[in-house]
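**Q** Residue-level listing of the chains:
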Amino acid sequence: MPRACAFGFLGPNGAGKTTMIRTLLGLTRASAGTMSILGHPVPAERAQALRRVGAIVEEPRFHPHLSGRENLRIIAAVRGPEADVRIAPALARVGLTERADEKVKRYSLGMRQRLGVARCLLADPLLLILDEPTNGLDPGGIQEFRQMIRSLVENEGRTVFLSSHLLDEVEKICDAAAIVDRGKIVSQGAIAELAGGGDGHELILGVDDAERALTVLDGSELVREAHLSDEGLRVLLVGGPHTAAALNAELVGAGIGVMRLEPVRHSLEQRFLEITARLDAPMSKQEVRA
Amino acid sequence: MSAAIALRMTGADFLKLRKKPGTVIWALVLALAPLLIYFIVRAAQHASNPAEHGPAGGVGGYVDALRILAAFFGPLAAIMVGVEAGAGDVASGVFRDLVVTGRSRVALFATRVPAALALTWIIAAVGYALLTIGTFAFASGSPTPSAATMFNGLGFTLLSTGVIAAVAVGFAALTASRPAALTVLIGWHLVASPLLGSISSLGSSRKLILDQAINHFSPVHIGDRANVVMSQGTAVIVVIGWLLVFLLLGAWRTRTMDA
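As you go down the protein sequences, you meet chains A and B in turn.
In this text, residue positions in the first sequence follow our numbering: the first is 1193, and each later residue adds one.
In this text, residue positions in the second sequence follow our numbering: the first is 14, and each later residue adds one.
To be clear, the hints were calculated from the coordinates, so they are not data collected in a lab.
Glycine residues also receive a C-beta, built at the ideal position from the N, C-alpha and C atoms.
A portion of the hints provided could be inaccurate.
Unchecked claim - Some but not every residue of chain B turned toward chain A, in silico, with C-beta under 8 Å:
1) ARG21
2) MET22
3) ARG109
4) PRO192
5) ALA193
6) ALA272
Claimed, not checked - Dumping the calculated SDA-like pairs for lysine to any residue here, alpha-carbon to alpha-carbon at most 25 Å:
7) B/LYS32 to A/GLU1262
8) B/LYS32 to A/PRO1256
9) A/LYS1376 to A/ILE1396
10) A/LYS1297 to B/GLY24
11) A/LYS1364 to A/GLU1324
Required output: the full structure, derived from the provided sequences and hints.
**A** Take a look at the structure:
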């Protein structure tokens, strides 16, 4: 995954997202295969690999009878003396300085989530791994968390690996993403690229004579597929977006009035559903054999 | 891992323990309340009928109080502290955050032991201070224990509570469950261990019972909780054996469990 970006890790339930994160972090053991973090193979060089990694796996957990600051002191003691001096800046970074000496059992979920990020910052992380970080947060908390993550990426140049099943969340926070299913990455790229999806370009056309337009489109070399939908004529072009103008000229040349020509904008959600629906289909004999 | 980091990690483990009000309060209650009750009741009996009841303090009072603290309630306090130290991180869910730091899991386990010992010994020392005060304050002119006996009694109290606390750390890490570890260890200490120790048909195999081995080191005879005769060497081997087995099992489980 690229450095200094927010990278989404998407997949349906049971796809293997949390298992992969837990294995990567040494929380559970892999049965086979190799992995590396920041260039270090794990588990062989786990200590070096995790020295500059911060992680929140599922909800952040703390000793409830200790204050936020004391909880950070415990992790700092394990990380080493350099982490001690980062406690105060980390608390300030997540806006918890004022409440740092209160017991964690009095914290809201949003505050715990922020304290979890502060705990990650004790490592001065090059990489933050966040597993379903907005679970249970209210809309205000989600917005706040989103801004914090973007700021960690944009202002501090850190890399954030965010695993989530909330597609909208990934689309808003991340620059790039991978879609995983059945333990394998099935699609990966920049968010815009992923959302755009497909190998064609899709348009919605508003015309004065849909029946005749369909006949023209069926005979056109520019069109891979066309059908009538509720929104109008939905057309999948063979080429890229530049063919839209040629298609428009073709229709006008055939005497059809074109009132509307609009590129279809896919959301990441649509793209995700397309991919996972395809994967949900029963496997072919060749796939089963593979 | 450097000694400085080990010391800091032990300090962090001690912080978790000493700030846990339930554990500290109950451990203190177990270490102090029975002694207080013993001295108050015995003093009242002695005051009401000196001919029938001897003084609460003196040598007789010291032997009874040492049995209460070092052989009975002190180990219960040690179990509370040891179980919290051994299973507290897993119970609170913080264990995985400790693992994610990349620090060796065995090191995470190892630093719990001195932290548990530190808190256990502080509580045991407070109990022994109360025992000392009671022994001398309620002597009523009867003979009192010598300085050597008092010193050896303190050593015995620290040995007894320390060994039990360390075994509890290992056992709690092995079970990874506070309730299970507390139930088994308290049940063993209060019921199973004295029961097995009293079954004479078990013969010399009773030397393997930890309480019997520990009580061998008492400077005074503390009654039926030490009714199996064994040599000093056997007692040392049994105590070390229990420590090794449970600490190694605790370390193994901490190293291999899913966090």
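**Q** All the hints need checking, so say for each whether the structure fits it.
**A** Outcome of the hint check:
no. : hint                   : in the structure
1   : ARG21                  : 4 Å, holds
2   : MET22                  : 5 Å, holds
3   : ARG109                 : 5 Å, holds
4   : PRO192                 : 17 Å, violated
5   : ALA193                 : 20 Å, violated
6   : ALA272                 : 4 Å, holds
7   : B/LYS32 to A/GLU1262   : 10 Å, holds
8   : B/LYS32 to A/PRO1256   : 10 Å, holds
9   : A/LYS1376 to A/ILE1396 : 34 Å, violated
10  : A/LYS1297 to B/GLY24   : 22 Å, holds
11  : A/LYS1364 to A/GLU1324 : 14 Å, holds
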